[in-house]
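Trainee: Working from the sequences, and respecting the hints, build out all of it.
Each chain, written out:
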Amino acid sequence: MDGTDIVVSAALTIITAATPLVFAALGELVVEKSGVLNLGVEGMMVVGAIMAFATGVTTENAFLAILVGALSGALVGGLFGFLVLVLLSNQVATGLALTIFGIGLSALVGHGFVGVTFAGVPSLYIPLLTDIPIIGTILFGQDLMVYMSVAFAIGIGWFLKSTRAGLILRAVGENHDAAHAIGYPVIRVRFMAVLFGGAMAGLGGAYLSLVYTPLWVENMTAGRGWIALALVVFAAWRPGRAFFGAYLFGGITIIQLHVQGVGWAIPSQLLSMLPYLVTIIVLVVISRDSGKQRLSAPASLGKIFYAAS
Amino acid sequence: MIRIEARPEAAANMVYAAPVIAVTLTMIAGIVLFMIMGQSPGVALYTFFVEPVSTFDGVTELLVKATPLTLIGVGLSVGFRANVWNIGAEGQLTIGALAGGAVALYFYEMEGFYILPLMVLASIAGGMAWAAIPAFLRSKFNANEILTSLMLTYVGLLVLSYLIHGPMKDPDGQGFPESRLFSDSALFPVLIEDYRLHMGWLFALAAVAAVWVLFSRHVIGFQIRVIGMAPRAAAFAGFEEKKLVWLSFMIAGAASGVAGLSEVAGPLGQIVPSISPGYGFTAIIVAFLGRLHPLGILMAALLMALSYLGGENAQISLNMPNAVTGVFQGMLLFFLLGSDVLIKYRLRFGR
Amino acid sequence: MHNFTIKKSLAALVVGGLASMGLVTQTLAAEPLKVGFIYVGPTGDHGWSYEHDQARQAMQKELGDKVITTYVESVPEGADAQRVITKLATSGHGLIFTTSFGYMNPTLKVAKRFKKVKFEHATGFKRSKNLSTYSARFYEGRYVIGHIAGRMTKSNVLGYIASFPIPEVIRGINATVIAARKVNPDVTVKVVWVNSWFDPGKEADAAKTLIDQGADIILQHTDSPAPMQTAEKRGVWAVGQASDMSKFGPNAQLTAIIDNWAPYYIERTKAVLDGTWKEKDTFGGFKSGMVKLAPYNKKMPKDVVDLAESVRIAIEQETVHPFQGPIKGQDGKIIVKDGEIIDMGQLLGMNFYVEGVVGSIPK
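Those sequence lines, one after another, are chains A, B and C.
Be aware that the first sequence starts at 55, since it is given in the working numbering, and climbs by one per residue.
Be aware that the second sequence starts at 804, since it is given in the working numbering, and climbs by one per residue.
Be aware that the third sequence starts at 244, since it is given in the working numbering, and climbs by one per residue.
Be a bit skeptical, because a hint or two may be false.
[To be verified] Pulled from the structure, derived: some chain A residues nowhere near chain C, Cβ distances all over 10 angstroms: (1) PHE194; (2) TRP212; (3) PHE213.
[What the hints assert, rightly or not] Okay, the calculated beta carbon distance ranges per label pair: (4) GLY518/C to ALA1009/B: 47 to 55 angstroms; (5) LYS352/C to GLY294/A: 51 to 59 angstroms; (6) GLN297/C to ASP975/B: 30 to 38 angstroms; (7) HIS165/A to GLU912/B: 43 to 51 angstroms; (8) GLU1043/B to LYS369/C: 52 to 60 angstroms; (9) GLN297/C to GLU912/B: 41 to 49 angstroms; (10) MET587/C to GLY915/B: 32 to 40 angstroms; (11) GLU914/B to GLY568/C: 42 to 50 angstroms; (12) LEU198/A to GLU305/C: 43 to 51 angstroms; (13) ALA832/B to GLY277/A: 23 to 31 angstroms.
For the record, the hints were derived by calculation from the structure and aren't laboratory data.
Heads up, the beta-carbon is just placed ideally off N, CA and C, and yes, glycines get one too.
Mentor: Here is the structure:
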């Protein structure tokens, strides 16, 4: 393998590492934009992973599997939504409880799927385009879900910025009392955001169990839901930056593995710290000059809304 | 149609009734779950909730398990009230345990009354030092503490991994990643002979008392509450947000550090690669489950600990997989959190 | 799954309660022996804990109604372990297997308290009158694999995905390298540490990284089948870990090192039933059947298969030892002299790389 080949192949690895984070982070971003903090991303992801895998194995239909992954994530998200939006329970604690619940539920469902294989999701191949050296495979040779993740990043950015519905969502997140006074259905908007966030986390999980490593093992999300949560903060609630953050994190994770393979005498633990440390440093650099970072957090984030009238 | 209607004021009776209702609902849901699993619901519930504490040994073990949860939960509650989102207690616990443990290893095979106090101080300093990073980054550079404290948890765990596979490794341990066993002078004394319940539990109780006093008697406690409820009013009143950020992080860091030490110098007696099974995260649930009130947190920690012990019991006596425990625990928490709605609101049936 | 009636369970509770109070100290002869297991991971990890649970089931099947087996999964290697082991001891279990290194001191403590109960700790080194230890010579398997890899590689680069820098893992790396360089002196091994026993995504990333860096055979000392899957997809060879992973890499899997605890569990349980159980240390390899190899890949040339088999048989007959000198360290200095066999202390506590490994051991 020569130099360019390594770069291309590393880029492909980075795309795979970043994509589940992109899904989950974008979903959580929309949820938080609506003023709800759901710390249960890990739980929704892992449920999405097993349900998608189980569907894939049983029906051998990748599209159906992706769909079921999203739906089951949304379903678990809906449970969270019911608790925090209807029963007005504490969002932080409910989200954490959702993680415990999701991991347990996925293990229960997944019992019969350990050691089972799945063919995976086919990659795109467009004659000529995919064959272009270097950028061909990167741009035109990915699986469906990678393109979905890019589309979501662009779509969500556009939705939040340029659509009326996006404006309402942001208004609800900024000041739910004012939004309510104007006549926006705060709870309904938030519920939809939470369902969407669940679906996206489900897609992130589905990506893991269908594409990244097409198999099922318990706890296979291995903390990626938490990273996705951190990326939303890192992104200052901006979709484009969340996308960038996921690739930055994924990129450094892969690069540190490459450094190890080359055999530099740096303790592997130190290298493994890099993605976390770099994320902190970049966040500090971005936030240091202004108070804007705080301001970009939705003002009603995590606060309970009750319509008095 | 069920509607939720605000009560004019919080219902005092519901403060106590809500958890009872939640537990009852959990029991009912549990009966369904266990029947699906092919278990006898009565036996299963007994195994989960009663059997673990049916012996004196069981009760002491419950307290051992609740010790770190109480300590961290109480420590975190201060910050949560002031809207400071420290979710990195797990990392602070780890570094506290390492700092306190380092003192223990330094005084290996030595005796002295001063060793334990030094360890405790070191663990407090370690936890605080780790908590100081997000506090500093937030107050100086405005960097969001959710991200920094969470990321530092992963870093802290890798620091532990590095030290335990390197400098702290037992030289006579055949290369395995465990430290030497602490000498007797460096171990938390047990409270009752032959049981594992140790001094850490007293620290937990002391923390509960201290935070309770802080909130009910001290002006800082008042400031924290105001800043949590009405940040702008607090700013007008001249409360310094930065000072409270620091205070919140220092209290949580100290409590988490001691919690870490109480694991390594308590039941473990050495530093191991996995000191805590996620107490730093579970304690966040405990803090809110206890409604951020010190006594509530104590009760929540006990209940949470019981659910772990019950889960093990269910595996041992009923051959139930661990996954069922997770689902059951999740349900218990959902009901507890959901039922708190009854305190401030009432349910109206019909239109 | 057992179906418990209320009556039965209450009876068990009463017995358990009495036992914990010390009133009943021995299970009645006619009663089945209760055998407890604690696992560090979920039984669904398809790796370490999964294999122990497979062996538990095999043992249960073999001994039928003479035994009742219990397991507790995902027991953290912290303060919880001692409580769970104690719980097993007080609930009438006569034999308890603790299946991870981190349970060593907790097991020792509980063994001291419950002298009538027999304990078996995997991979540790502390024993007492009622506490045995057992471990497997996985490095024997790795030595055979080294021969295969040395012959099968075209790029002369082997990729090794490692979990944590403990002697067990380092021993495996060294055994592989020593063997590979015997048949192909140009071989080097690249090691990537993922700092986890179990993270499919990261393991797959590590496999891809190693393949990108020129490795054409992927070896792993982590638990998930993800590296095998990656090898299959990228069209390189791989060797499975813990269990036969050919399902995940029908073309890629050369063979796999299989943890086979069943014979040991059956033997030791029988010993308790017979009353012949004694404290001992077992370090089993090919000979005792604790380590096995999965069927070789059909595409492996016959001479390579023959070589592998001859090495395996030689180890089994103890005519060959993987760590027989001369063994050189990374710096080229002799560690084990020509003709000598490494001493047990150095073998068990291995903390050096041999010549041919790229990189240094994380310290």
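Trainee: Each hint: holds or not?
Mentor: Hints and how they fare:
1. PHE194: holds, 19 angstroms
2. TRP212: holds, 30 angstroms
3. PHE213: Nearest chain C Cβ is 29 angstroms from PHE213/A, so the label holds.
4. GLY518/C to ALA1009/B: 47 to 55 angstroms: Since the Cβ atoms of GLY518/C and ALA1009/B sit about 51 angstroms apart, the hinted range of 47 to 55 angstroms holds.
5. LYS352/C to GLY294/A: 51 to 59 angstroms: holds, 55 angstroms
6. GLN297/C to ASP975/B: 30 to 38 angstroms: holds, 34 angstroms
7. HIS165/A to GLU912/B: 43 to 51 angstroms: Cβ of HIS165/A to Cβ of GLU912/B: about 49 angstroms, so the range 43 to 51 angstroms holds.
8. GLU1043/B to LYS369/C: 52 to 60 angstroms: holds, 54 angstroms
9. GLN297/C to GLU912/B: 41 to 49 angstroms: holds, 43 angstroms
10. MET587/C to GLY915/B: 32 to 40 angstroms: For MET587/C and GLY915/B the Cβ distance comes to about 37 angstroms; the hint holds.
11. GLU914/B to GLY568/C: 42 to 50 angstroms: For GLY568/C against GLU914/B, whose Cβ atoms are near 45 angstroms apart, the range 42 to 50 angstroms holds.
12. LEU198/A to GLU305/C: 43 to 51 angstroms: Because 48 angstroms falls inside the window, the suggested range holds.
13. ALA832/B to GLY277/A: 23 to 31 angstroms: holds, 29 angstroms
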